[in-house]
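Assemble chains H, F and D onto chain U, guided by the hints.
What follows is the residue order along each chain.
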Amino acid sequence: MTNSIDDIADEAKAFFIIGSNTTETHPVIGYRIRRAVKNGAKLIVADPRRIKIAEKADVFLQLKPGTNAALLQGMARVIIDEELYDAEFIKNRTEGFEEYAEKIRAIDLNEMADITGVPAEKITQAARIYAGSDPAAILYTMGITQHTSGTDNVLALAGLATLTGNMGKRGGGVNPLRGQNNVQGACDMGALPNVFPGYQPVSSPEANQKFSEAYGAKIPDKPGMPMTKMFKAALEDKIKGVYIMGENPVVSEPDICKIKDALEKLELVVVQDLFFTETADYADVVLPAASFAEKDGTFVNTERRIQRGRKAINPPGEARSDFEILCKLGLKLGLKGFEFKKPGEVMQEVAELSPKWKGITYERLEEGGICWPCPDENHPGTPILYEEKFLTGSGKAQFKPVDYKPPAETPDQDYPFILTTGRSLYHYHTGTMTRRSDGLSDLYNVEKALISKEDAERMGLNENDKVRLTSRRGEVEAEVKPVSDLKEGIVFMTFHFAETCANQLTNSELDPVANIPELKVCAINLEKV
Amino acid sequence: MIQKFDVIEKEALENLEKEQKSDIPQIYVGCATCGNATGAQSVVQTITDKLEKENIKAEIKEVGCIGMCFAEVLLDVIKPGQPRISYHGVTPETAEEIVDSYLVKDDHRPDLALGYFGEGGPADVERIDTGDVFKNQQRVILKNCGIIDPENINEYIAHGGYKGLAEALEMKQEDIISVLKDSGLRGRGGAGFPAGRKWESCLKPQADQKYVICNADEGDPGAFMDRSVLEGDPHSVIEGMTIAGYTIGSSKGYFYVRAEYPLAIKRLRKAIAQAKEKNLLGDDILGTGFNFDLEIFQGAGAFVCGESTALVMSIEGNRGWPKPLPRPRTTEEGLWGKPTLLNNVKTFSVVPQVLSKGADWFKSIGTEGSPGTAVFALTGKINRSGLIEVPMGIELKKIIYEIGGGILDDKKFKAVQTGGPSGGCLPEDKLHLAVDFDTLVKAGSMMGSGGMVVIDESTCMVDVARYFLDFTFEESCGQCVPCRQGTQQMLEILNDICEGRGREGDIEYLLEMGDSIIKGSICGLGQTAPNPVLSTIQYFRDEYEAHIKDHACPALVCKNLIVFHIDEEKCTACGRCRKACPVEAISGEKKVPHTIDQNKCTKCGICFQECPERFSAVVRLTGKENLAAAASGKEG
Amino acid sequence: MQEQTKKVLSGFEGKPNEVIPMLQAVQNEIGYLPEEAIRDIADHIGIPESKVYGTATFYSQFYFSRRGDRSVKVCLGTACHVRGGMQVMDALEREMGIKAGENTPDYKFSLERVNCVGSCALAPVVMVDDDVFGRLVPKQAKEVLEKSDPKV
Amino acid sequence: MMLKITINGLDIEVEKGITVFEAAEQAGIYIPPLCHHPDLPTFGGCRICMVDADGKIVTACRAPVKDGMIVKTDTEEVRKVRLTNVELILASHNKDCQGCSRNNSCRLQEVSAFVGINQDRMRKIRRSVEAVKPDDSNPFFHRDFTRCILCGICIRTCEEINGVAAIDFAFRGFHTRVSVLGDKPLKDSKCESCGECLVRCPTGALYLAKPALVEREVESVCTYCGVGCGVKIGVRGDRVIKVDGNRDNPVNRGDLCVKGRFGFDFINHPERLKKPKIKKDGIFVEATWDEALDFIADKMHDIKAKHGADALGAISSARCSNEENYLFQKIFRALGTNNVDHCARL
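Chains as they are written, first to last, in this note's numbering: chain U, 37 to 565; chain H, 539 to 1174; chain F, 315 to 466; chain D, 307 to 652.
The shape of chain U in the complex, shown without the other chains:
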């Protein structure tokens, strides 16, 4: 997030939520937004599904899955035509407005309306609310990113925020709500193929040299493979061994059949987890890890706030924290620099090697969380990014016009429906943890493929009828639930349930830049069984 939960919730005059089922996937932020709206803030919601938060929306844009860019371009067109943009901000803090504006002016609003299935009036209305409210915050999640056009979508959002001067401002910004408790931290710590901790590119000579020296090894200067490519590589014998820590790709990854084949093929599969997951079946070694309540450490939330997790109880049996396991393994591998006594010492090394974290120490975290960047011990942290300058050569924001590209797979005779996936309030990811809660299971334990009332009527389907869903990649059987929240031709499933695994169907086509698979759109067929 460019901003903090607090400044958005308290100061935004309008929220633009797109591709985020906020009240179910980030409930507590959901509370804050519902409260803000109750106190008069405006709300725009864009989603293929009439999600709960849409009830409170001033404008609800029910767009076709995978048409985000078109919608956003359309809004930009309105903002430019009606000169609702922040000329001052554009003059002082941005570059490339003219080219951008020119490109936007070439867009036909009605065409965008046709593509998205959202009436031009509504797009206009949304644009006016967003541009007319100062400040206005954009919130998004996977509905924006899990597309082959994910990067373009994000750029388009950034375009809107820049256009309206909502960058580097309290109550504004472009704010991806991160899905998992430390997904931000995992990135910050360099658990990515292209960067070291603190987003220092492996390809940057200085960085590479710094880390190679620190780790006492020659680290390649070209980026490695993203997870999504590793499994393909495994099928091509390029990858021989995979070490999987706290992950369950057999349920969470797209196009699972391929993943399984890949795992079968591998010489070494290590799975380190709390439970014997679906993926563990394919492992050669399974290591028992500790849960969050059983270990010390730090986590970074969606607003870049580094917070202390604390050990409450011992792990069961011989289970060990990943920290202990990894230190041991490091030593077993004969690597240097794994003689850590406690996690706090690791944090010191992180601080030394990544400037953004230089000021972070366990002592300070005892006082409460700190948002990075935090360049030195006295720096208060940075809840809001880009207040003075942007991370570009010139320090100015670059307008990057984008073109709408349709999803990789669109419906046809054989696969006439679009499947889009998401999450439920009551479960988390592959359900490894939540499905072991009797209570949560009591509230929601059977996948219900949601279909539109119209389709249900047409196909003579009633609630709880079983259907077979098939895509070019696999098939799943699940019960259906007809709802008025979906438009005709759209099917929604969660991916929490291994037994009705939506990811058997999903498409693993990637966004060229971010390598994110297009989980939100794939063509499927649906028949009663």
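Quick caveat, the hints were computed from the structure, so don't treat them as lab data.
All clues given are correct.
In silico lysine-lysine, BS3-like type, Cα no more than 25 Å apart, as pairs:
(1) U:LYS296 <-> D:LYS605
(2) U:LYS301 <-> U:LYS274
(3) D:LYS362 <-> H:LYS861
(4) F:LYS320 <-> D:LYS490
(5) F:LYS321 <-> U:LYS489
(6) U:LYS274 <-> D:LYS610
(7) H:LYS1097 <-> F:LYS456
(8) F:LYS456 <-> H:LYS1117
(9) H:LYS861 <-> H:LYS790
(10) H:LYS1057 <-> D:LYS386
(11) D:LYS605 <-> U:LYS274
(12) U:LYS294 <-> D:LYS585
(13) U:LYS268 <-> D:LYS612
(14) D:LYS490 <-> D:LYS516
Residues on chain D that point at chain U, a partial pick, calculated with CB under 7 Å:
(15) ILE539
(16) PHE568
(17) GLY569
(18) GLY619
(19) SER622
(20) GLU629
(21) LEU633
(22) GLN635
(23) ASP647
Just so you know, even glycine gets a beta-carbon here, dropped at the ideal spot from N, CA and C.
Relative to the frame of chain U, chains H, F and D by itself:
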């Protein structure tokens, strides 16, 4: 605009002339709810058919309630040049007779007549307007009720209607208010808040919109004054509200009427339409540029919505929960947070007359502190139930014995209840009291909305208190503890007392709790709920004690404290009671005095009613011994 | 039923101050307020369904289950009370075999108490729909019901 | 702007715009609260916080302070009104305190003690508790109507804090009840089971389905979504039995969702892995840590030797700590590959 109004008035009179054809007989039938309830509609039907069939020249019209409910169905006839003759207890059959004998022939049927109005009536029927019923009354608010056809605006205008509005529209707003202040008019809703001051506090605040609301949510069980006014003279209320709108600068008014008053609502709708047609309501009224529109909101049945803030809440679509203090006055922040003027039906309906006849005229009626008249629904154990209007300050005695004609079946007077669930009961030695806002409150009761229920010796005061508590318990909104829990607690205790489970100290506890409920409750409902109990304890404590100490109900009302018993001496074994008993609790054959099996008896009282006066062998006994005897199976 | 509700609601703008009028209109159409109808009203206005239910249940005018074809209303206003309205109520409960606020199993009648129908002079009074029976004594209960039987 | 007021003879200066209740709080003067909750707008229904302000009896929770106001919180009259009110509440309240989850942490008990309930007076009261059967439809917390005092805190919480408004007052007067549409069980309503109402309920009307008597609390961060709510992990013995929101945490200020508050069963779940396992000819056999880690280390060296470091793939976790993610990527980068990734994209 006076000129403009004169035109309207003139035209109205002419139309009336045409409509009325006063050269032929006029027939009036009292068709308010009370009349209809007694069969007025079928009377109207029969007559209409008859007139048509036999093609008799006469005009028949449905009028509102003249207040003599005891005499329903009322049918009045005015023959050209004759005074108005009233016939009472009319049925379709007698209606035909009346037509045959008085309209066709010239026999005015003294046997069926109640009397006549005005001068020079026949000697063999008495004059009503100077008789007991009316001589003590002064009809201001009800002046048109039962006289004019409420569905004909022309009649209202012909009787001086809408003059007040026309005059008001020529006055400055402040002047209207000062007239009201001079007149000393106090709100007729019960509390008697000075109307002038209320209007003034609503004129002051600046706002883009203000509202006028007429509170016609008459919920007091045993009061129907407001309904009668709406049914009998709807235009007077509309006129009053329009004047209010002009005075405080509002363009929108609401009638908040109980949905249980369908006839009133129907007549209001019609009246509103007629007034608009005549440009006396709606846009640019009488060409003054003043706009005022009226909407009817049907209350969905909650007594508490008589409370101003609760009423506003319910129009806004919420539970009718009063707003707790401290809060801004409704006159400053009412409906949708806008200044809102809320008055009772009777208050609005009298305003036009105050303006057209002047403050002094109004002050000349009633007492200094409470000028004007009071309207009561006089009911209960009284000979002449009905709707009456008397000058403030009249003695209760006069109302009960002269207007009301004394107690039913010559029983002994015990108490008179005024103010409904918020009021209290006054005993015989208070009958000299003058009826006005302040005197009644001092005596532990209140004017309230105008229910006046006469209670005789055969009524149990504890039971009466319980009745009212049961009502407030059911109607409590449930928001605040003192009212929600307190009314329930008091009711439980009263139930116990009435059912022989009373305990030492209950009376003191009731008094103490009553005090806390009055102090602690959010709104008027809770703050007055204990009154019926407190006043009955004040004046009839002995009855409470009899119930508690001796398990005796002196009035022989409380079921659990009485037993039905057949006096062998008096019983002639006629078998009436035996046959009537719904539970076969009575045994005995011919010539053998009957007995009641106390184990079977449900105390429905049917045997008591069945046993002929001349025997009156079935008697009711009360008190510990009798109850014990009955319980021990021994036939009482 | 949903069609009925939809039809009724189409006559309203969907403002909060229309809640009670909407409830009244729907009840007039259907005879009571089914849950779905309340939900539809809430959606039509855009307020929580719990709030509409809270408002509806506050007012005695509204019913939430099917009612008898004819409703027998026993007046227990003050005048009727002091003149023995309660005995009449007892008698009716006995005759109908139900308590106040209930329906007869065959849904012919529903029985309820009301506060003052404004015919105090006729006390005690019973109303069956719009027909008024005045100056009643308990034993007339049977007769009242026979006269009011919907089939007759 | 500051105002001067006097409470029980004590002169104090307070901010304009606060209520008498807040003023008293600041002066350290106790006024018994029942339907009042600092997180929520005032209600004013319980009538327990009544005080004498300039001679008028008012509810302290609503009355704004006025300059020169003289407040008395303990006059004879105030005492009587409060006492009767509490007695009246108790009259229709479940007697069984020992059997109540909130015994000794109950606001009604606290208030009763303060106003001085005594049995002699209570004997005069007619007790009648409406027999409404409890709602145990929700797996995490249940509703006991016999312990509900209709303070409306749950209702205001559901509307103001969580924004769902699944519940509201229904029916009227003595029969008033907190209800969802159709007086249905909570489970069949819009309720999202966040438990915010449970946390704020002053009595035992809302109570945990599984009673949780916490022995110690540890501050930490929720393990689910990216919001990073501060939690207090409640431990008894060696088990996590409760999770509460941490009101001091700026992220959630004490709020939690259904997963964060109630979804902790997995921690002490019997299926937790307790020993390393190595697959030998298709079946997993338990191993010591040294065996397991040696096996892995050898295999990895082996692969690196045969096919180069880039034949290794490392999939880290968005649920592991920063330190752990750091070490994980360090291991593989030190081995000479950048094939490090995690599920950021899912």
